[in-house]
Amino acid sequence: MTKLYTALTVAGLLFATACSPAVGSKEWCEELKNKDKGQWTAQEAKDFAKHCILPK
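If you want the numbering used here, it's the 1-based position in the sequence shown plus 3.
Worth flagging that the hints you see were computed from the coordinates, not collected in a lab. One or more of the hints may lead you astray.
Stated by the list, open to error - Computed cross-link-like contacts, DSSO-like style, restricted to lysine-lysine with a CA-CA straight-line distance of at most 30 Å:
| id | residue 1 | residue 2 |
| --- | --- | --- |
| 1 | K6 | K29 |
| 2 | K40 | K6 |
| 3 | K53 | K40 |
| 4 | K38 | K53 |
| 5 | K36 | K53 |
| 6 | K36 | K49 |
| 7 | K59 | K40 |
| 8 | K6 | K38 |
| 9 | K29 | K40 |
| 10 | K49 | K29 |
| 11 | K38 | K49 |
| 12 | K49 | K59 |
| 13 | K6 | K36 |
What the hints assert, rightly or not - Computed beta-carbon distance windows for the label pairs:
| id | residue 1 | residue 2 | range |
| --- | --- | --- | --- |
| 14 | L7 | K59 | 44 to 50 Å |
| 15 | C22 | Q46 | 16 to 22 Å |
| 16 | L11 | A45 | 43 to 49 Å |
| 17 | C22 | Q42 | 44 to 50 Å |
Glycine is no exception: its CB is placed at the ideal position from the N, C-alpha and C atoms.
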């Protein structure tokens, strides 16, 4: 039974992460623009500046 719970947990995590856009993509930038800046992590702020404000 424990293996079943573990498998379901892993499947749920994989499903949840598969739905979010890739960091630096246009969709990701738009999603972050709409998110309250007080909710951003330090890594999100760094990635936003790198990919959305100062793209190569």
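A quick look at each hint next to the structure:
no., hint, in the structure
1, K6 / K29, "violated, 38 Å"
2, K40 / K6, "violated, 39 Å"
3, K53 / K40, "holds, 16 Å"
4, K38 / K53, "holds, 17 Å"
5, K36 / K53, "holds, 14 Å"
6, K36 / K49, "holds, 13 Å"
7, K59 / K40, "holds, 23 Å"
8, K6 / K38, "violated, 37 Å"
9, K29 / K40, "holds, 18 Å"
10, K49 / K29, "holds, 16 Å"
11, K38 / K49, "holds, 15 Å"
12, K49 / K59, "holds, 15 Å"
13, K6 / K36, "violated, 40 Å"
14, L7 / K59: 44 to 50 Å, "holds, 46 Å"
15, C22 / Q46: 16 to 22 Å, "holds, 19 Å"
16, L11 / A45: 43 to 49 Å, "violated, 32 Å"
17, C22 / Q42: 44 to 50 Å, "violated, 18 Å"
When held up to the earlier numbered hints, the structure conflicts with 1, 2, 8, 13, 16 and 17 and fits the remainder.
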